[in-house]
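One line per chain: the protein sequences are A and B, in this order. If you're matching positions, the first sequence starts at 2 in this note's numbering and goes up one per residue. If you're matching positions, the second sequence starts at 2 in this note's numbering and goes up one per residue.
Just so you know, nobody snuck in bad clues.
EDC-like, lysine to aspartate or glutamate: derived pairs with alpha carbons at most 20 Å apart:
| hint | chain 1 | residue 1 | chain 2 | residue 2 |
| --- | --- | --- | --- | --- |
| 1 | A | K144 | A | E56 |
| 2 | A | K181 | A | E119 |
| 3 | A | K321 | B | E249 |
| 4 | B | K365 | A | E249 |
| 5 | A | K320 | B | E249 |
| 6 | B | K320 | A | E249 |
| 7 | A | K320 | A | E249 |
| 8 | B | K38 | A | D9 |
| 9 | A | K361 | B | E249 |
| 10 | B | K365 | B | E249 |
| 11 | A | K38 | B | D9 |
| 12 | B | K321 | A | E249 |
| 13 | A | K365 | B | E249 |
Since the hints were made in silico from the structure, they are not lab data. Keep in mind that this is a model prediction, so the values were computed, not measured.
Number of protein chains: 2
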Amino acid sequence: MGKYSKLDLTSITNHNRINVFNCILEGKTINRSVIAKKVGLSIPAVMSITDDLIEKGIIYAVGKGESHGGKRPEMLSVVPDRFFFIGVDVGRTSVRVVVMNNCRDVVYKASKPTESVEPDDLIGQITEMTMDGIKEAKVPDDKIVGVGVAMPGLIERGTGRVLFSPNFGWRDVPLQDKLKACLPFNVLVENANRALTVGEINNMQLKPTSCVIGVNLAYGIGSAVVLPNGLYYGASGTSGEIGHIIVENHGAYCSCGNYGCIESIASGDAIARQARIAIDNKIQTSIAEKCGGDLKKLDAKMVFDAAKEGDSLAQSLVKKAADYIGKGLAIAINMLDPEQIILCGGLTLNGEFFIDMIKKAVSKYQMNHAGRNVQIVVGKSGLYATAIGGAWIVVNNIDFLSDN
Amino acid sequence: MGKYSKLDLTSITNHNRINVFNCILEGKTINRSVIAKKVGLSIPAVMSITDDLIEKGIIYAVGKGESHGGKRPEMLSVVPDRFFFIGVDVGRTSVRVVVMNNCRDVVYKASKPTESVEPDDLIGQITEMTMDGIKEAKVPDDKIVGVGVAMPGLIERGTGRVLFSPNFGWRDVPLQDKLKACLPFNVLVENANRALTVGEINNMQLKPTSCVIGVNLAYGIGSAVVLPNGLYYGASGTSGEIGHIIVENHGAYCSCGNYGCIESIASGDAIARQARIAIDNKIQTSIAEKCGGDLKKLDAKMVFDAAKEGDSLAQSLVKKAADYIGKGLAIAINMLDPEQIILCGGLTLNGEFFIDMIKKAVSKYQMNHAGRNVQIVVGKSGLYATAIGGAWIVVNNIDFLSDN
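From just these sequences and the hints, can you work out the full model?
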């Protein structure tokens, strides 16, 4: 078969069932004839699907709605506690866990410092925090659809194997298999930038018609590309490496082995590193006081705080970072002409002035006439965005509505 | 309806009909049971489709094939002259026309110098060359599915309006509507880089599973991105502007209004321009002799020829161009991790040494571990590649197999 994709009745049935469910989820309380209109199906077709979903306990009849002339229609809603989706954000400094219910509401969240970067220790921590979360949220095991684990680095698609994670110093760790051995659930390991972006897109209820790019401005800089039919991976799963676009000839050395990458100048790690070098070189700056003279404690947030207070070194570092990020976004716009760019990650929490600087840089470097419709927005899910994204990876990849 | 896409029986029927037809086209001579296996349909389902295609004169029974135990099976082939697709390449220096038959063979081609860049004059030339081609190829009007016109610049999707074409100095020319008024056929105007890429992909029988990027290295530099379901446009139709990625801070002025774009250094126009400036500045080079001292006649090919003969200025210009192009491709690989990059356009006809230089530059700038599966190849369709692409735009966008 290979290149000739097949469409059959099962694909139609599943497609329509998902549409009807999502329509109820979005409508919160909705009747069958409105559903039929929205999804473009006949009322009998909608009835057959909703009957099946009611029988499975996935939706329920909440009562009668208002009459618009005829009988009062039966209103339908999603059963919140029919399914649960667990999301885990495996970060360099914290591990975060969320439990999301069938209405896509977060019913539990927890965060703990990352205890170790050693694979087995970290897997132990993930397992413990996941099981604790399920217990505290009082979720029965058989209602858990799966656990979505968001992990920084290069993840092999399908197997969830960590091929390379510079932040953790991992090479070739079969994380998904190892977690499956520890947890009695479906486990999906996904790249953290992809999970984060999927989470933000779903929380913002965006439906990409061309493409949406989520950019994670954090300890490192990465991105994910989402097309109308879902996440874009690329031929070897490495798409979205916006942080490793080279924007400076003979620039700073980058952990990827090249010089002058955006990440080597504009990431949280790079901003802090440059401040440390400046202080080492006796540049006058209030950043030195913020870390109490201990350069090891100096982080990007201190640089941003000093910039807001008018410190000139801090301002120039922040401005340079914004300029480089803007260049990267302009390149993404020239190539992909996305409808939205969602800026996420720790650096975006430093205030609107940084976002404004980035936007200014984008318009400086963007090609005239290109990307006329792009909107640059800031993610809305806060500190738990990546963990929530992990839960959405489960929603989007495990078929829990059909019988299979 | 909007966000809830509908799948119904008609979509299945059309999808399967296209699969069966393409299977016959690809197989050249093929029997129904092989088709059924390849497209994943039952033999009766295949029979119903092939009966319909035979009745419409689109395919025919060529005779009996070899027996594999049972009855000798009836072999099917595509009727070559049932449909024709016209492609037009509107270039800055030449206009090219091809006629492609139902077997996707080019049965006619012609090229003439571009007489004028004034819209109405050029529309006159396109019309005349198209009608001449149809006459010379002896194609009856009612077998012509449409005319696909490949035009450089920013084309509005759907309307085929030229929003901006720097090469022609056009702004807001309703080219598709104007051509429809002159030609008694369906007319589709498409961006030339997109047409070129679609043509090459089809001629190479590629079926993208992640993405294929076609890069047009010519008078200007552009690209097109093709996903599994076809051309990627972007939110405002401007995707693929790889030539306007800025790779040099404070670089050369570019026609787009920015400085240091790839196109400002590495396009055919830029290579020639830089050689002219060097000669003006009394740099010793054999390029001066190649244009007979007339700098207006100096073009990129002369620079490449001089480079092959060992001229050091020419070699440094070619090397710099390859380096910049390599940087752009490395960026595209970091962001999109494509399965193939197809290098097309006039500059690629200057020999393998230039392609090798580009590939070396790519591996220098590409992120380690990223794009492990990317293949960089050179287009195979030659001078008529863009015109052939225009014909493929018609194949891919007009439904000529079903009754509608």
